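Using the hints provided, position chains B and C relative to the given structure of chain A.
Protein chains in written order, with our numbering: chain A, 21 to 345; chain B, 21 to 345; chain C, 21 to 345.
Treat the hints as calculated values from the structure; they're not laboratory data.
Because identical chains share one entry, a pair is satisfied inside a single copy or across any pair of copies.
No more than 27 Å apart at the CA atoms, straight line, and that leaves these computed lysine-lysine pairs for BS3-like:
#, residue 1, residue 2
1, 116, 74
2, 143, 174
3, 81, 116
4, 329, 220
5, 220, 295
6, 295, 116
7, 66, 84
8, 307, 329
9, 77, 307
10, 307, 220
11, 74, 329
12, 39, 120
13, 66, 120
14, 322, 336
15, 150, 174
16, 75, 64
Values in this document were obtained by computation on a predicted structure and should not be read as measured data.
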Amino acid sequence: MNNPFFRNHGPILIHEICKLFEINIAGIKENLEVVDIKDLQSSKDKDITFFHSKKYKDLVKTTKASYCITNESLKNELPKNCIPLVVENVLLSVSKLTAKFYPDSINDDYDDTATNIDETKFKEKVRYGKNVLIGANVSIGSNCYIGHNSIIEKNVTIGNNCSIGSNTIIRNTIIKNDVKILDNCVIGKHGFGFFPNNTKNLRYPHIGVVLIEDSCEIGCGSTIDRGSMSSTIIGRNTYLDNQIHIAHNVRIGENSIIAGQVGIAGSTLIGSNVKIGGQAGISGHLKIGNNVEIGGGSGVIKNIPDNTKVMGYPAKNIREFLREK
Amino acid sequence: MNNPFFRNHGPILIHEICKLFEINIAGIKENLEVVDIKDLQSSKDKDITFFHSKKYKDLVKTTKASYCITNESLKNELPKNCIPLVVENVLLSVSKLTAKFYPDSINDDYDDTATNIDETKFKEKVRYGKNVLIGANVSIGSNCYIGHNSIIEKNVTIGNNCSIGSNTIIRNTIIKNDVKILDNCVIGKHGFGFFPNNTKNLRYPHIGVVLIEDSCEIGCGSTIDRGSMSSTIIGRNTYLDNQIHIAHNVRIGENSIIAGQVGIAGSTLIGSNVKIGGQAGISGHLKIGNNVEIGGGSGVIKNIPDNTKVMGYPAKNIREFLREK
Amino acid sequence: MNNPFFRNHGPILIHEICKLFEINIAGIKENLEVVDIKDLQSSKDKDITFFHSKKYKDLVKTTKASYCITNESLKNELPKNCIPLVVENVLLSVSKLTAKFYPDSINDDYDDTATNIDETKFKEKVRYGKNVLIGANVSIGSNCYIGHNSIIEKNVTIGNNCSIGSNTIIRNTIIKNDVKILDNCVIGKHGFGFFPNNTKNLRYPHIGVVLIEDSCEIGCGSTIDRGSMSSTIIGRNTYLDNQIHIAHNVRIGENSIIAGQVGIAGSTLIGSNVKIGGQAGISGHLKIGNNVEIGGGSGVIKNIPDNTKVMGYPAKNIREFLREK
Numbered sequence: 021m022n023n024p025f026f027r028n029h030g031p032i033l034i035h036e037i038c039k040l041f042e043i044n045i046a047g048i049k050e051n052l053e054v055v056d057i058k059d060l061q062s063s064k065d066k067d068i069t070f071f072h073s074k075k076y077k078d079l080v081k082t083t084k085a086s087y088c089i090t091n092e093s094l095k096n097e098l099p100k101n102c103i104p105l106v107v108e109n110v111l112l113s114v115s116k117l118t119a120k121f122y123p124d125s126i127n128d129d130y131d132d133t134a135t136n137i138d139e140t141k142f143k144e145k146v147r148y149g150k151n152v153l154i155g156a157n158v159s160i161g162s163n164c165y166i167g168h169n170s171i172i173e174k175n176v177t178i179g180n181n182c183s184i185g186s187n188t189i190i191r192n193t194i195i196k197n198d199v200k201i202l203d204n205c206v207i208g209k210h211g212f213g214f215f216p217n218n219t220k221n222l223r224y225p226h227i228g229v230v231l232i233e234d235s236c237e238i239g240c241g242s243t244i245d246r247g248s249m250s251s252t253i254i255g256r257n258t259y260l261d262n263q264i265h266i267a268h269n270v271r272i273g274e275n276s277i278i279a280g281q282v283g284i285a286g287s288t289l290i291g292s293n294v295k296i297g298g299q300a301g302i303s304g305h306l307k308i309g310n311n312v313e314i315g316g317g318s319g320v321i322k323n324i325p326d327n328t329k330v331m332g333y334p335a336k337n338i339r340e341f342l343r344e345k
Numbered sequence: 021m022n023n024p025f026f027r028n029h030g031p032i033l034i035h036e037i038c039k040l041f042e043i044n045i046a047g048i049k050e051n052l053e054v055v056d057i058k059d060l061q062s063s064k065d066k067d068i069t070f071f072h073s074k075k076y077k078d079l080v081k082t083t084k085a086s087y088c089i090t091n092e093s094l095k096n097e098l099p100k101n102c103i104p105l106v107v108e109n110v111l112l113s114v115s116k117l118t119a120k121f122y123p124d125s126i127n128d129d130y131d132d133t134a135t136n137i138d139e140t141k142f143k144e145k146v147r148y149g150k151n152v153l154i155g156a157n158v159s160i161g162s163n164c165y166i167g168h169n170s171i172i173e174k175n176v177t178i179g180n181n182c183s184i185g186s187n188t189i190i191r192n193t194i195i196k197n198d199v200k201i202l203d204n205c206v207i208g209k210h211g212f213g214f215f216p217n218n219t220k221n222l223r224y225p226h227i228g229v230v231l232i233e234d235s236c237e238i239g240c241g242s243t244i245d246r247g248s249m250s251s252t253i254i255g256r257n258t259y260l261d262n263q264i265h266i267a268h269n270v271r272i273g274e275n276s277i278i279a280g281q282v283g284i285a286g287s288t289l290i291g292s293n294v295k296i297g298g299q300a301g302i303s304g305h306l307k308i309g310n311n312v313e314i315g316g317g318s319g320v321i322k323n324i325p326d327n328t329k330v331m332g333y334p335a336k337n338i339r340e341f342l343r344e345k
Numbered sequence: 021m022n023n024p025f026f027r028n029h030g031p032i033l034i035h036e037i038c039k040l041f042e043i044n045i046a047g048i049k050e051n052l053e054v055v056d057i058k059d060l061q062s063s064k065d066k067d068i069t070f071f072h073s074k075k076y077k078d079l080v081k082t083t084k085a086s087y088c089i090t091n092e093s094l095k096n097e098l099p100k101n102c103i104p105l106v107v108e109n110v111l112l113s114v115s116k117l118t119a120k121f122y123p124d125s126i127n128d129d130y131d132d133t134a135t136n137i138d139e140t141k142f143k144e145k146v147r148y149g150k151n152v153l154i155g156a157n158v159s160i161g162s163n164c165y166i167g168h169n170s171i172i173e174k175n176v177t178i179g180n181n182c183s184i185g186s187n188t189i190i191r192n193t194i195i196k197n198d199v200k201i202l203d204n205c206v207i208g209k210h211g212f213g214f215f216p217n218n219t220k221n222l223r224y225p226h227i228g229v230v231l232i233e234d235s236c237e238i239g240c241g242s243t244i245d246r247g248s249m250s251s252t253i254i255g256r257n258t259y260l261d262n263q264i265h266i267a268h269n270v271r272i273g274e275n276s277i278i279a280g281q282v283g284i285a286g287s288t289l290i291g292s293n294v295k296i297g298g299q300a301g302i303s304g305h306l307k308i309g310n311n312v313e314i315g316g317g318s319g320v321i322k323n324i325p326d327n328t329k330v331m332g333y334p335a336k337n338i339r340e341f342l343r344e345k
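Looking at chain A on its own, in the form it has when it is part of the complex:
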């Protein structure tokens, strides 16, 4: 999915990029234009992408990108059409360059474009409470409700028949139809992604969005962070209870049920028809299959195949867990 909200300040000349990374590429024409920065899959001709882990060595073969930020040990995996930019720290370089293409994606200060809904075109169309604020680049469908003190910050698309609670803040988010978001949520802020640095940590850009599909419900006090290079997605008819935290780049399938205080760490993929008990935690970069059940309080630290019930910390097959205890 392309980033629909942040304006691309590209193209950027390849020699500007080389200068930024303090590298040279033998024989390259200096004034070639690089159009955009994307992940391996969605990149096209004249785009730059990145490749930082062997995990993606099959995917890298298929990239259409013209340039790829990578390191010495991975550069030989690239397809021929793709020119390597070899750097020390791939993700740090990606971060620096993304900030050049999308300077607006780093800063999550309060939205100063937000104005009282009474002064907007939504005044007629939406049913809303007191002190509702609407930012720039917002669209809202028919038959929607927005509760008191809620802030629909910039870059939000809401479909039809949606109900937003009170004291909720939403930004950089696409909400489809028949969605309910309850009170005190914060949706679409940047994730907890940065490069640690003892002087001052360096935030990396989050150019992804949160996408909430049809008929979802998000419980009170939940936080869902937007993606960094891709998006955070909650699938159709998936229900989240109160005080849940969904980190950046997480994708959850359809018809899943997630109980209170669950936390899902960054970039984990969850299947459809998944049930997760209260307070369970799921580590980052995992793949949880379809029809999986995860017992309350579990700590999941490895992939789980389809149709499996697990429990425990670390989570294991539920029968094994209960037999051992």
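Only chains B and C this time, still in chain A's reference frame:
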């Protein structure tokens, strides 16, 4: 406890109910009126109740209800005065019928009856901050404080000497005297109860309230859901720390102390003088005795008798836990 | 660190204090003035301190306090210059006396000194959203942002280049430079400290502050309680993710990274360069060294030395944990 807030749209004729459930009852008079839907214990003559689990087979003997929604395998447990309505899925049918008696209990959209406290009778009586909203059917005792941006939504009764923090939202709740509810809480919203359905989940009605007894304190960022058929109750002088989640129908006794980030799942009963350490989680439908101590981080998945100290996941006797580790 | 915000209502005569505790001190001059109440370390001549646990028997030798609240079994550890006040329950007596010196430190009702920022001197200096409130005794440096509906309550100092999100509440807090506090946080409220009492629990005073050093970031929906006798401190360039709870008197070092939904119980000290995974919980009164890594979901119940990686519940060396599982 009866539901004091939602208007009963009954009586409903028994043949309407049979039509709703797509069943026939041999020889029943069609125009009999059913007055209300209640649990086994609080039902009276002309009420309808429900019986869906063998766990309640002793209780069902004592019900005063004239009708009972149940299934084929349980119907013979009913007392003679009580006519069974045999359905496939008891709770689903209860849900559908409750929605007929109490149509207002399903929808938890923002409270559009709420108006600025400056325009209400509470202006003189209550000490309050900026931007405080008060909904319909609210009463507030003497010497109370309500903080900035807080919303006392419809159906709330607050006693004397209570202090509500800022950015807090309360609905369908009875608060006794000397209670403190701190900032950013959401109290009285419907619980995480619904029937999963791959097209669109079906919410079940929540006609219960939250009842907070004298001298309680509820910490910042906590959520307490109201009950579905019964109520969620926090006993006298019980203290909750920050970021706690109490699910629907939970009852907690007196003088209990619950540390930060604890979660208690639906319908669990907690005794008096109970101490629960931070981040502990307690599964649903359990019974935790009096004078129980539950160590921080524990995951409780079975009943705990009085006067017991437990720890671990799953929680066990604390000595056993510490010896094993 | 001294309490900078609560006004000391002392001095109090020693015979008033004896009367409060219902004790006699043989031969003491009744009209001696006691200037302040402080911990063992920061007390000076004419101050009163307290000593309630053998853990502090080395520290007590060095106190400069003229008086010390202690019990029968500990009184002989005091240095000669320090007169013991022997009571049954040391902390309860400390609490009662602190309430005499600092009566304003007990009550955390909403801040009725807060007024709209439009009516304050910050109108020109700060960039701010709608409905921002500012309490008494607030100072804010240059180039700061405060989001919609946020409340900077009384007794807050904010440095330069800080960004406060929306719907956030801050009180009794010192924020240095380049700090970001995201949406829906509550910072600086009293901790979960009280003396259980079956009639009505007795809150103990919290005369400490929250101190947030340069370049920190605090994630959405987090709560940080202020200290009781000392302060709660977040060290330079330490980052907290969403929905974290930091209890009173906790101190965290520099350059630490704490992932979502972590909870740290009261008075625990965390070193620098510490990494804590999501949902980990750390018990109170522990000492976690520098360069420690704590795996996600861990429950830490004992001290951890420098340069150690732990995981599990209870947390142990990570290799041991993974080998066992």
